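Trainee: For chain A, the structure is supplied; the task is to place chain B on it using the hints.
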Amino acid sequence: MKSSSSLHFKTYLLILIMVIFGPLGNVLLGKGMKRIGAASMGTPAELIDLLARVLRSGTIWLGIGSLITFFVAYMLVLSWADYSYVQPASAVAYGMVALLAHFMLREVITPVRWLGVLIICLGVLVVGHTPPRTTESS
Amino acid sequence: MREVIFYLLIIGAGTGGELCISRAMKAVGEVTDFHPVALVRVFARALRISWMWVGVSLMATAFFSLLAVLSMENVSLVVPVTALSYAGGALGGKFFLGERVTRRRWAGVLLVCVGVALVIMGRR
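Sequence order for the protein chains is A and B.
In terms of this note's numbering, the first sequence has 47 at position 47, counting the first letter as 1, and numbering is strictly consecutive.
In terms of this note's numbering, the second sequence has 206 at position 68, counting the first letter as 1, and numbering is strictly consecutive.
One chain only, chain A, in its complex shape (with noise of 0.2 Å):
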């Protein structure tokens, strides 16, 4: 039988994964798709023109490459986790991005969202403070 601390620290180390690579994977994605331009996607000749400049992008492959290792990360956590558990926690995600894009994007946090984004992680205080498993495993 697992012992409890065990089970915790296995579910915090994945979630710190998930919190680092998600965040930084959007950012890159958010990057790329900026360099390429707004998706017009009217024919499909136009679909297959955007979907042929994504994947030429580097900064989208280094992107899909950060969210590969969330997803894994994310799967592994999933094997023994609540799902209600995981997801709220990962929350934490949404300050990365917000701090990534600011720095990295310079884009412009007004002050309500930076709020919102606190409140987001406070939310995710919350859910980290009950247990992360609350069913049976098979």
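Hints are not guaranteed to be accurate.
To be verified - With the C-beta cut set under 10 Å, the calculated list includes, among others, these residues of chain B facing chain A:
1) Leu146
2) Gly150
3) Leu157
4) Val217
5) Leu249
Claimed, not checked - From chain A, some residues computed to sit far from chain B (all C-beta separations above 10 Å):
6) Phe9
7) Ile20
8) Gly58
9) Ser79
10) His102
As the list claims (entries may be wrong) - One-sided excerpt, in silico: chain B residues whose CB lies under 8 Å from chain A:
11) Ile143
12) Glu156
13) Ser160
14) Leu208
15) Leu256
Keep in mind the hints are simulated off the structure, nothing from the lab.
Quick caveat: nothing in here was measured; it's all calculated off a predicted structure.
C-beta: ideal position from N, C-alpha, C; glycine also.
Mentor: Chain B only, in chain A's frame:
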């Protein structure tokens, strides 16, 4: 209007995909061995579960919708808006996966949603 459709796809398909993948991973069982070969076996086992394929397809839909909306809006707006899926996620966890979502966890989810609302309001 186009943005709203993409947001709905990100939230709907993304949440649905995560729930399906979660269900598949629960069927695989708790991962205790983190050796690369053992992990490959785990993923091979996961790929034999149909929920995994449904989940991956839904998440791919959400991913391409995310790419589309990121070409139009700032990351600091787009990503927090997608957090609206938390309410759906908690409901899905309770009704689709049979998880017991405590009052405290609901309170956390509610706070996350309030935060998301402020992020949207902070647009102007």
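Trainee: Now tell me, hint by hint, if it's right for this structure.
Mentor: Status of the hints after comparison with the structure:
1. Leu146: violated (16 Å)
2. Gly150: With Cβ-Cβ at 15 Å, over 10 Å, it is violated.
3. Leu157: Check passed: Cβ of Leu157/B comes within 7 Å of chain A, closer than 10 Å.
4. Val217: Holds - the Cβ of Val217/B comes within 10 Å of chain A, reaching about 4 Å at its closest.
5. Leu249: holds (3 Å)
6. Phe9: Answer for Phe9/A: holds, closest chain B Cβ roughly 13 Å.
7. Ile20: holds (14 Å)
8. Gly58: holds (15 Å)
9. Ser79: At roughly 4 Å from the nearest Cβ of chain B, Ser79/A sits no farther out than 10 Å, so the non-interface label is violated.
10. His102: violated (7 Å)
11. Ile143: violated (11 Å)
12. Glu156: holds (7 Å)
13. Ser160: holds (4 Å)
14. Leu208: This hint holds: Leu208/B lies near chain A, its Cβ roughly 4 Å from the closest one there, short of 8 Å.
15. Leu256: holds (3 Å)
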